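Line by line, the protein sequences give chains A and B. Per the working numbering, residue 1 is the first one in the first sequence, and the count goes up by one each step. Per the working numbering, residue 1 is the first one in the second sequence, and the count goes up by one each step.
Hints were generated in silico from the structure; no laboratory data involved. Remember, predicted model here, so these are calculated numbers, not experimental data. Just so it is clear, CB atoms sit at the ideal spot from N, CA and C, and this is done for glycine as well. Be a bit skeptical, because a hint or two may be false.
[As the list claims (entries may be wrong)] Ranges between beta-carbon positions, derived for each pair:
| # | chain 1 | residue 1 | chain 2 | residue 2 | range |
| --- | --- | --- | --- | --- | --- |
| 1 | A | E288 | B | A123 | 50 to 60 Å |
| 2 | A | T11 | B | A433 | 25 to 35 Å |
| 3 | A | I213 | B | G298 | 25 to 35 Å |
| 4 | A | A36 | B | E47 | 49 to 59 Å |
| 5 | B | R436 | A | D61 | 22 to 32 Å |
| 6 | A | D296 | B | R95 | 17 to 27 Å |
| 7 | B | I213 | A | Q440 | 39 to 49 Å |
| 8 | A | E288 | B | D296 | 31 to 41 Å |
| 9 | B | A216 | A | G298 | 26 to 36 Å |
| 10 | B | R436 | A | A98 | 26 to 36 Å |
[To be verified] Taking lysine-lysine and the BS3-like style, the derived pairs with C-alpha atoms no more than 27 Å apart in a straight line are:
| # | chain 1 | residue 1 | chain 2 | residue 2 |
| --- | --- | --- | --- | --- |
| 11 | A | K303 | A | K269 |
| 12 | B | K209 | A | K209 |
| 13 | B | K398 | B | K332 |
| 14 | B | K320 | B | K393 |
| 15 | B | K332 | B | K393 |
| 16 | B | K445 | A | K445 |
Each chain, letter by letter, is given below.
Number of protein chains: 2
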Amino acid sequence: MTIDTALSRLTDLLGDRLSTSDADLALHGQNETYYADTPPHGVAYPETTEEVSEILKICHDENCPVTAYGAASSLEGQHLAIRGGISLDMNRMNRVLAVNAEDMNAVVQPGLTRIALNEELRATGLFFSVDPGADASMGGMAATRASGTTAVRYGTMRDNILAMEAVMADGTVIRTGTKARKSSTGYDLNHLLIGSEGTLGIITELTVKLHGIPEAISAATCRFESVEDAVNCVILTIQSGLPMARIELLDEMMVRGFNQYAGAGLPEKPHLFLEFHGSPAGVTEQMETFAALAGDFGAEAMKTATTTEDRNALWAMRHKAHYASAALGAGKHIWPTDVCVPISQLAEAVVQAQRDAVAMGLTCTIVGHVGDGNFHAGLSVDPGNADEMARAKLFTGKLAETALRLGGTVSGEHGIGIGKQGYMDAEHGPALAYMRAIKQGFDPKNILNPGKMLPDNH
Amino acid sequence: MTIDTALSRLTDLLGDRLSTSDADLALHGQNETYYADTPPHGVAYPETTEEVSEILKICHDENCPVTAYGAASSLEGQHLAIRGGISLDMNRMNRVLAVNAEDMNAVVQPGLTRIALNEELRATGLFFSVDPGADASMGGMAATRASGTTAVRYGTMRDNILAMEAVMADGTVIRTGTKARKSSTGYDLNHLLIGSEGTLGIITELTVKLHGIPEAISAATCRFESVEDAVNCVILTIQSGLPMARIELLDEMMVRGFNQYAGAGLPEKPHLFLEFHGSPAGVTEQMETFAALAGDFGAEAMKTATTTEDRNALWAMRHKAHYASAALGAGKHIWPTDVCVPISQLAEAVVQAQRDAVAMGLTCTIVGHVGDGNFHAGLSVDPGNADEMARAKLFTGKLAETALRLGGTVSGEHGIGIGKQGYMDAEHGPALAYMRAIKQGFDPKNILNPGKMLPDNH
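Chain A extracted, bound-state conformation (with noise of 0.2 Å):
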């Protein structure tokens, strides 16, 4: 019962698609933000749901962690195998297997992003609207309940799968939610898995909801003079009940970042992007409608950017915003940040979290879904740095405990893998050890991905 004999049986059942080259094991154990490189024993790379479930039945015997691997481009480290054993790369299951137009569906692999998927949507006039930014697998985005600029129109993972498979840790096979568009049968497992982090079982297919793509859009950006004025126009604008489709907050250091890496060229004032999704006539009013709340907040007048280019190459810069924060300072990594709060709080988060990062001595960018109540104060560090690394905890820690004083989450959409745990408690108080009876009941041997979410998940 060793890692060292699962990897044997691995190899008898995958053949050379159970790596353990140098090359794979150090590119499966690198992140996009802090965390130390862990590279794991092996990487299993399944094409079937039946692979996986054989792949998990011997790391069920033989005590070896799973970590599910899929784009990588989580913001916790999530896909880092940190107790060794295998790093279950699902990248090969990455086909769309159906598009159901009539019921505004697909049934895709875990290993399919978000952008490949637009893509094979692209002749049916429906899109599938979770964007959180990076191209993210569709299994990686179901398992950190992954959001993004539009989820404040069109909902967040948890609103957007009706059903998934999964393999449990024994290697058993099992189907959550309904292809119905609702159901009250049984337990929810299909909201159990969606955001539990590979921590109950992987997930092998997904049935995710289709949006019709409006008939027309028009994104704009909108500079006020001060932060406050952008989050309490921003606060106005969703009590009106207009319905955003994105509506993006990027302050002053944000912007100037976006300069640095991208020429953007824009005004270092706290700048609002927006998205207006309708019928033509709807989106004019929309735009009408948000001008004058933005005006009596002060802000310049709107750009529009109105052709599918311009639009495309606004959005394109948004979602390089943790590039763009690294960018400010030369050789820095980004320490990212996530709290979400009631959209009445917002203002007082975003203020604070301005001024803590400036007392502390950080560089801090602030980009948020700032419709949803969604922000990132994303501080840049030099991680041999010990005494900005403190300080950055420091930031988070406080950026944290104002979250929840405020009566929000600690994420909004990055979850908690390694950096987040400490949080956990906080947060959750005596409903954790009801997420502890679960994880014991799903994963009693602790095999998957081992050492994230709960704090004493060793």
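Using the hints, position chain B against chain A.
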């Protein structure tokens, strides 16, 4: 360790708010449908979360079953204490604790009914959308994962609860979810409790989403020559993306029921009952678009209910479907069914149900939240007529089979309770073992609503 000891200890705790009067026991043993009367041993009337916690500690000590009781409007006997013990009557915990208009949510106690909530909200311009017909309690609606006529536009209870407080089997008080619009921290206990039918915990507080009352509302009825035409019109309406606020099917037999019960005076043909929400111009545009679609399916011109009174009368009538079905046979009870299928399969499922009822010699009404693919075949039965009851059971089994074959679910909104346990294995297969693991982890003594939902939950 007996129920008697529990009753005695509960009397010490609650005084005369622990009742064992015959009238109270009888009242709490009744139900809306065809299940046998099953009075509990005692009825407890808690007034605070702390009292619920103390009650559960005692019942946990004494192995005394606890079944939550709200408006008793559940249709699968969820509120019946079929293993005896305590009926936990939540009706004294019926306050609105907070209305956060800025964040568009309200914090309420579980015994509050949905109509009482909407009355309290009247001055705010906001409303709570979920409308199952009955004036159900908020706790009961959460526990059953209820939905109803407006779910097609505003979602079910699954989509409208941000956070809850619950008391677990041993008296531990937990909080699930947050007041932020989204979160990615830990297992989704909020959705796990929604729809758990009181078998995992007792809901003591809910934070629910509110929606802005639309500027304009119009209701209408529309008559078709055949159920197929009506259903195919619904399918196309949904697929076209028209944001219907309500779209309800009534088959010819259901219309006959309304004529007999409520003097509706409607031609005995299949009807759709509709509601449109939006700006005045938007509602007009929606109605025109719908009318054009309906015309393609041979519909008679829509009749519009323009005044608030007419609209309320229409929906008040629709909400009496259960009683109108019963009116079709003197002294008959209604055996309700509740399947939900992907919208593309709806016509097949409805027509099959009608044919099966005729073939089995059953009087059957069909009414449905068809925009979600959800419909109810209401069988008129005499519980004393063993042959008729056997045919009703056969019909229900065939309907469930059809729903599952078409990719749907055996319950869209009524839940499992006593009546549908036999279908849990067919719908969930190996996933059922993971539901059992959750129940075992959360309530190892099985004191919470024993005998419900899970097929071997004795």
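To see whether the hints hold, each was checked on the structure:
no., hint, result
1, A:E288 with B:A123: 50 to 60 Å, "violated (29 Å)"
2, A:T11 with B:A433: 25 to 35 Å, "holds (31 Å)"
3, A:I213 with B:G298: 25 to 35 Å, "holds (30 Å)"
4, A:A36 with B:E47: 49 to 59 Å, "holds (53 Å)"
5, B:R436 with A:D61: 22 to 32 Å, "holds (23 Å)"
6, A:D296 with B:R95: 17 to 27 Å, "violated (36 Å)"
7, B:I213 with A:Q440: 39 to 49 Å, "holds (46 Å)"
8, A:E288 with B:D296: 31 to 41 Å, "holds (34 Å)"
9, B:A216 with A:G298: 26 to 36 Å, "holds (32 Å)"
10, B:R436 with A:A98: 26 to 36 Å, "holds (31 Å)"
11, A:K303 with A:K269, "holds (14 Å)"
12, B:K209 with A:K209, "holds (22 Å)"
13, B:K398 with B:K332, "holds (22 Å)"
14, B:K320 with B:K393, "holds (24 Å)"
15, B:K332 with B:K393, "holds (16 Å)"
16, B:K445 with A:K445, "holds (24 Å)"
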